[in-house]
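As they're listed, the protein sequences go chains A and B. If you use this note's numbering, the first sequence closes out at 421, no skipped numbers anywhere. If you use this note's numbering, the second sequence closes out at 938, no skipped numbers anywhere.
Hints are computed from structural coordinates only; laboratory data are not their basis. Since the model is a prediction, treat every value here as computed from it, not as a measurement.
Reference excerpt, derived from the structure (chain A facing chain B, CB under 10 Å, subset only):
| id | residue |
| --- | --- |
| 1 | ASP33 |
| 2 | ALA37 |
| 3 | THR45 |
| 4 | MET62 |
| 5 | ARG139 |
| 6 | SER239 |
| 7 | VAL242 |
| 8 | LEU257 |
| 9 | TYR401 |
According to the in silico footprint, chain B covers these stretches of chain A (three or more CB under 8 Å from chain B):
| id | stretch |
| --- | --- |
| 10 | 49-55 |
| 11 | 128-135 |
| 12 | 148-155 |
| 13 | 221-234 |
| 14 | 245-251 |
| 15 | 403-415 |
Beta carbons are placed, not taken as given, at the ideal position from N, Cα and C, and that holds for glycine.
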Amino acid sequence: MSSGFDWRAAKIDWPVTTDVGPGLAGVVAAETRVMWLDPSSGQLAYRGVPVDSLANRADFEEVAHLLIAGKGPGGDSQGLASFRRQVRSSRGLPPDVVELIRALDPDTHPTRMLRAGVSAVGCHELTVDDDLSGDRQWRELRVVGQTAALVSAICRHRAGREPRDPEPGCSLAEGVLASLNDRPPTADEVRALDLLWVLYAAHGLDPPTFTSMIVASCLADPYYNIVAGLSALRGPKTGGAAETVLDQLLPLRDPMEAEAWVAQTLADGGVIAGFGHHAYRMPDPRVVVLRKEVASMARTHGRPELFEVARTVEVAATGALAPRGIYINVNFYGALLFHLLGADPPLVPCLVAVGRMAGSAALVREALDGIRLYRPLSRYVGPAERRLSGEGTS
Amino acid sequence: MIGSSQILAEQSYGRGLEGLVAGDTAISEIDGIAGRLLYRGYPIEDLVGRVSFEEVSYLVLFGEMPDANQLEDWSAELLRWRHPPRTALDALQRVPENAHPLAQFRTMMTVAACLIPEPENTELDAQWRRPARILSWTAALAACAIRHLEGAEPLPPRDDLGYAANFLYQATGRTPSADEAAAFEASLVVQAEHGLHAAAFAALVVISTDADLGSAVLAGMGALSGARHGGANQLAFEMLEQLDGPDEARAWARDALARGHRFPGFGHRVYKCPDPRVRALEPYAAALLEVNGNKRLWRTYLALREEIEGTLGAKGIFANVDSITGLIYHPIGLPVSAFPIPFCLAIQTGWMAHCLEYLPDGKVIAPGSVYIDSESRA
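Model the full structure from these sequences, guided by the hints.
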């Protein structure tokens, strides 16, 4: 980071001068009031409200309302009630969309099915004559519910179950959990999924969000923003890492095996998924609440060994990696908690996407007001000017 | 290369990363002052009319003009992938007729992406095997989306036709004339690569997560579908179509200029001079419109361009490629709402080249954002 550059300011005077690092680290690509990721502490706040104070106190719908409408919890109860009604009622998917998903091989990666589903939903939401520069508020609100409904449909299709609408009036978390496990969820499970979505809702300009923002800057159809964002979400270096965490941890049977695996992986120059983050040189603060939740849910779900294995890996990996500035990130315990709620590894990025949709929609909407097309330059380092020989080859 | 190079210096840049040098590339050189565009060292005016899209895509992707054997192999590879999965074509039956053709096209692509084998494999070797499949599948699906606008069934490809002519055949249902095929080929050639424009940049962000090449291309298509980007060729043509002849074009432009109107297809973030792609394509458009009996449209275009450039040229605003491609697509019979599609088919070549160039040691692209807090000190 450029010395003295202020990442929290009353306004920006363009052009700005900053350091430019690999992966555009340190570059200012947006100005936002939606969220603040403090680079010195790693603390995250949505609309000025610290995420710590939202975790386990506000459910995901309240936080989506906060992010999208900018209204704090407890501040606008009428607005929130109407938001809940609308977001829940947007879960009704056109039968053609459900059929499109069901025509796919159930073993297709769920994020690919979700992307196809979102694209198809967009075909129903917007016609060729729609003015895309118009007010998009209703769409942001709808895409959060639509994504939850698509994830439910995908869970059911993967398990070979018939499609089913959510219980009327149930929350987004209740609806997804009911599809995931084909039974009514417990209160603890609902609270845990809400917690996950709240913690995953927004986290700076991570690749899925930044991709959506670039696409939005071209004034594309909003469903194309989402398709593009979901294309990045699956990447093994971003949302896909949560899936890898489970691929690595689930085969480990006990703490001894876990400890040996960490030592072996690091000795082989391998990567421990769930460790390392481009924005942090410290443990992700969201880990604390997630670790506690995983410990308690592993106990209640009769899987205490899962937490013991994870904790062993965490301690061993931290011991080896912290001196190199690599720390635990949200995906480590986040993925385990999704798994304890019933998700097999490939479903995890899809479930993350539901939470992400709220933050991403809010950031994109906000940016649309003053957005300029993203168009950086590159420096040419290729061959010098040359010509085709003779009369050409065709 | 981009993002991992040694440009770790302090830079000044504007909103939308204007002026930021994001990294190094060996793919294309754009000179926005002299108005030149070179692919791997070859100026586009040297390529257009002399080489096929197959040759240019090879050049852009792999770095050198193909020799006869390489061209044969590459053409065969492109030919091999001309049949996208049936499920992707069938997806069209499950989307409403009045959806935007780009949204229908997108849905077919997202379904096709579900059917790409080895989905987990994002090793470099696997990524390198993908461009031919992506170039050919997207062309077939795009042709199908265009046919669908007319309520027509998809047509099987014609193996005797090259990439450009076969696309026109599958999209319009008739064999293009030699002039049409040459003009369309030229439009593909000059639009095959254009640096880090928004769509290429979106693709690069996706590939930086180690996602697969198809996902990166989908993100690029999303950006390109926007009204400010690939959609601009449609808007530019619609503006032109409203004008009844050169005199009206001049009068309307003068009036609009006085009102400070912004004209689709004019002005470019990088070119502050005439766009070299416009100069390369104008002869083709003029010839097609002449044969087509639509010389008036050509003269209207020229009048509009001269009027706008006469006033705004001093500010560096000139016709860009979006103002001219419609004058090739329209006489060939491609529908206006589908104009961004052929642009996609060409330029995805460049996106893939940038992705493959980035992959070996590219870091995740994740810039920062400034939190605007009115209570902060100013």
